[in-house]
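Chains as they are written, first to last, in the numbering used here: chain D, 10 to 86; chain A, 735 to 1179.
Among these hints, one or two may not hold up.
[Said to hold, decoys possible] The calculated DSS-like cross-link candidates involving lysine-lysine, where the alpha carbons are at most 30 Å apart (straight line), are: (1) A:K1051 to D:K70; (2) A:K808 to D:K83; (3) A:K808 to D:K25; (4) D:K74 to D:K45; (5) D:K74 to A:K1051; (6) A:K816 to D:K24; (7) D:K54 to D:K70; (8) D:K22 to A:K987; (9) D:K74 to A:K743; (10) A:K816 to D:K54; (11) A:K1156 to D:K54; (12) D:K83 to A:K1051.
In short, the hints are calculated from the structure, not lab data.
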Amino acid sequence: MMRIQVLGTGCPKCKKLAENTEAAAKALGIEYTIEKVTDINEIMKFGVMMTPALAIDGTVKVVGKVPSPDEIGKWLA
Amino acid sequence: MDWKSESKKLALIAAVFLGFFVLPVGVPRFNNAVTESLELTKWYAREHVLLCLVPAFFIAGGISVFVSQASVMKYLGARANKVLAYGVASVSGSVLAVCSCTVLPLFAGIYKMGAGLGPATAFLYSGPAINVLAIILTARILGFEIGVARAVGAIAFSIIIGLLMHLIYRREECAKAVTQAAMPEAQVTRPLWQNAAYFASMVGILIFANWARSGDMRAVFLCCPGGLSAYKVEGTLVNRTSETVTIIDTSGKAHKVPADLMLGAEDVRKNTVYEWIYRLRWALVAVLLAAFAYMAGSWFSGSELREWLEATWGFAKQIMPLLLVGVLAAGFLLGRPGPDHEGVIPAAWVNAAVGGNSLRANLFASVFGAFMYFSTLTEVPIVQGLMGAGMGKGPALAMLLSDPALSLPSILVLRTIMGTQKTVVYVSLVIVMSTVTGLMFGAFF
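Construct the entire structure; sequences and hints are all you get.
As structure tokens, then:
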């Protein structure tokens, strides 16, 4: 079971990242939970300053940009 | 039938028709406001969208993709040189804060994991005001002086506010989060001069495509009968009688103004270089476009260019609809510059509140700006409408400085980051600083 967290305060890019991530996870057919972290203080605990960001099983994978579903798929595989 | 959801629809339909039932169509002020709103939007569409906004979006997209944000952030980290950190924080908004939604997380990051409260506050104040899109549109629509004053004022005062915040809270035990800040990996693939040349060509295209013809004369008009503020029109005098003065301005728009509102007029000294650039502007743009195409084709990879296009389109998609609504609303509420162009709000009210350059007018403008929320760039048509209705230049700058830095929603988020007391101190400092800057600017220009 993979724990996916999308960090962002709710700007359009954060929604895009969540969409891309779900698309990537569905394409791989893995078991996962996805959670949106919107509280800015919680985001800071990950050490992230530039949103949106993506954390998989608690490790930050990307900061400040929206990767394509293909790129995200590589971290999930 | 689901009565609950159906009754909502019924209420909506009833509300819409009730609105039209009492709609004051035919009342001169209302009809005039609708015309003004459409005229203002038409003027934006003709004069600003293609030549100014489109290149500006490409520049903003380029900055967000090609400039390494990590290389800027290292100057704002925990071990950064303190003096340098203030300087970098005050100007880095133009690179880091291209989208207003990124400002607060960066502020929280610099405060809790990086250089501390002072530089973080400096960044928070200047960031939104010096993002490239805001500066380009301000200079284009509200005039070069206000555009420059907005940028310079934001940078200078952000350092002062940052230092004051640092001094006020210097004794506080610094419970820094020990988390290592996660940075996007630096992906510098080409030398700095190539990036610089690439951006210079884009900025050049923007400047030359918008190069205005110089007028024959410059006239100063009072905004409205009994008003406290004046505005300038540069162009060609086509008709002058004892009752009205008509001037065609440099963008081809006719201004017909009652003669008793004209305060003065002066001839414009023709500058040959300026005139030549105007005549050759399309040739210059063509040369720059060719250079730009060559650079994009030979220095950048296909995936980089695709990312750049995506970022540009992202900005356009996000900002254009909001700006359209903002321009329509500004035209409807405030009209366009000049008498007979009033919106729903009478110019006399605007004059009474923010006309001239008094302390009260500046203070009112900065308090209003601090609590109101305007989305990115819509502050420009709003301030334009206010200036047309009689707002002085000083209060206009005060509002431009306090507005992007703060809004009620962002104040509430700030409270959760640094607590109530610091937020109150920060908001007060912003209001005081913006008021003082407005007063000084209003006195000089």
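Results for each hint:
1. Pair hint K1051 of chain A plus K70 of chain D holds up; C-alpha atoms about 27 Å apart against a cutoff of 30 Å.
2. Our distance criterion of 30 Å between C-alpha atoms is met by K808 of chain A and K83 of chain D, whose separation comes to about 28 Å.
3. For the hint linking K808 of chain A to K25 of chain D, the alpha-carbon distance of about 27 Å falls within 30 Å, and the restraint holds.
4. Among the hinted pairs, K74 of chain D with K45 of chain D is consistent with the structure: their alpha-carbon atoms are about 16 Å apart, no more than 30 Å.
5. A hinted pair counts as satisfied when its Cα atoms are at most 30 Å apart, and K74 of chain D with K1051 of chain A qualifies at roughly 17 Å.
6. For the proposed pair K816 of chain A and K24 of chain D, the alpha carbon gap of about 36 Å is over 30 Å, so the pair is violated.
7. Between K54 of chain D and K70 of chain D the alpha-carbon distance is near 15 Å, which keeps this suggested pair within the 30 Å criterion.
8. Note on K22 of chain D and K987 of chain A: the hinted pairing is violated, with a Cα-Cα distance of about 40 Å set against a maximum of 30 Å.
9. Taking the CA atoms of K74 of chain D and K743 of chain A, the gap is about 40 Å. The hint is violated against a cut of 30 Å.
10. Using a Cα cut-off of 30 Å, the hinted pair K816 of chain A and K54 of chain D holds, with the two alpha carbons roughly 24 Å apart.
11. Only pairs whose Cα atoms come within 30 Å are accepted, and K1156 of chain A paired with K54 of chain D is accepted, the gap being roughly 21 Å.
12. For the suggested pair K83 of chain D and K1051 of chain A, the alpha carbons sit about 29 Å apart, so the restraint of at most 30 Å is met.
Figure legend: structure checked against the earlier numbered hints; hints not met, in rising order: 6, 8, 9.
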